[in-house]
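Q: The residues making up each chain are set out below.
Protein chains: 2
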Amino acid sequence: MSKKIYLAGPEVFLVNARDILDRKAALTRAAGFTPISPGDLDIPPTDTKKGFGLAISEIDEQMMLEADAIIANLTPFRGIAADTGTTFELGFMCGLGKPVLAYTNVAANHFARVLDYYQGAVVKGADGHKRGPDGLSVEDFEMIDNLMLHGGIERRGGAVVVGNADPAALYTDLAAFEACLAIAVEKLR
Amino acid sequence: MSKKIYLAGPEVFLVNARDILDRKAALTRAAGFTPISPGDLDIPPTDTKKGFGLAISEIDEQMMLEADAIIANLTPFRGIAADTGTTFELGFMCGLGKPVLAYTNVAANHFARVLDYYQGAVVKGADGHKRGPDGLSVEDFEMIDNLMLHGGIERRGGAVVVGNADPAALYTDLAAFEACLAIAVEKLR
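As you go down the protein sequences, you meet chains A and B in turn.
To convert, note that position 120 of the first sequence is 128 in the working numbering; the numbers rise steadily by one, no gaps.
To convert, note that position 50 of the second sequence is 58 in the working numbering; the numbers rise steadily by one, no gaps.
Derived from the structure by calculation, the hints contain no laboratory data.
Any given hint could be a false lead.
Any copy will do: because identical chains look the same in the list, a pair fits if it lies in one copy or spans two.
[Said to hold, decoys possible] In the DSS-like style, the derived pairs of lysine-lysine whose C-alpha atoms are separated by at most 27 Å in a straight line are:
id: 1; residue 1: LYS106; residue 2: LYS195
id: 2; residue 1: LYS106; residue 2: LYS12
id: 3; residue 1: LYS11; residue 2: LYS195
id: 4; residue 1: LYS12; residue 2: LYS195
These numbers come from a predicted model, not from an experiment.
With the rest of the complex left out, here is chain A (with noise of 0.2 Å):
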């Protein structure tokens, strides 16, 4: 029986999201794993909006319960930091106990990210942390994201694999992906 993985990430929002998390999915079983993808259950329907996505929540924390490990796209999404449905779903397979893996297709870090949202317009101040100009400090751990994903990661020996795609594939590209699968196999099997 090989070990399940969860494949956690924004491309589930994308118009072929179908395709992608196909693609994904083969890739997963070449590398001799089951995987399991948020979309592939079919969600029954419902009365209200708030049913649907409360049904979509309990079916997929049900694959995480079932699965094995967790590949986490922390690509950023909307923004500069990860999809905020990834990083639950990251820290849930955490508490769970459960080995992670993620990665991210921006080369730039959490560092430059936030450097660049504001403008360059970062300090070092008298408390020795570096401030935007709306005073709020920004970390600079040599990181990809907020230092509870990163570090979560990393603390438990799990994988944490930059990519640098395309911007137009930046959802498509699975390059850093299919490393994440190489270290799974090494990891995992």
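Given chain A's structure and the hints, the job is docking chain B onto it.
A: Structure of chain B alone, referenced to chain A:
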């Protein structure tokens, strides 16, 4: 022995982080709980930037393991979505099976914020999904953020409190936090 509540949120990035964390801790004690906050413990010096981030990650996770519940501040941070560190922590506590509560200081829900992000250019496609001009589908589930967050909380019987703070007090207005604490008294004590 009073129950311990982990206080998660982006206020750790404020210039006056210690002051706000102290105010939240005092309110938590007044409600009969023991507060645990990221930033409560001094982090030992490390050789590298990343080493420091990893040390904080370890301490914050340890705090969550010791906590009985979490109140997560999901107020949007540097964009239209919650702080990814906080969403990781919310997922972590859900994975641990502990009670979760959350609040936001922004009244506009996820759909309204994404609509604003796309300057209103969201249309319903032939597949039934509402999409922005970049093709990414827009969740419209009457939830405050991604369905995994809001759904994960509601499905566990946790509370999602929606505040409406003055933008100048986005991370310092504690009215919604206090409403969360009042619910925690009913649910946890």
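Q: Are the hints correct? Go through all of them and say.
A: A quick look at each hint next to the structure:
no., hint, result
1, LYS106 to LYS195, "within (12 Å within a copy, 29 Å between copies)"
2, LYS106 to LYS12, "both (11 Å within a copy, 25 Å between copies)"
3, LYS11 to LYS195, "within (12 Å within a copy, 38 Å between copies)"
4, LYS12 to LYS195, "within (13 Å within a copy, 36 Å between copies)"
No hint from the list above goes unmet by this structure.
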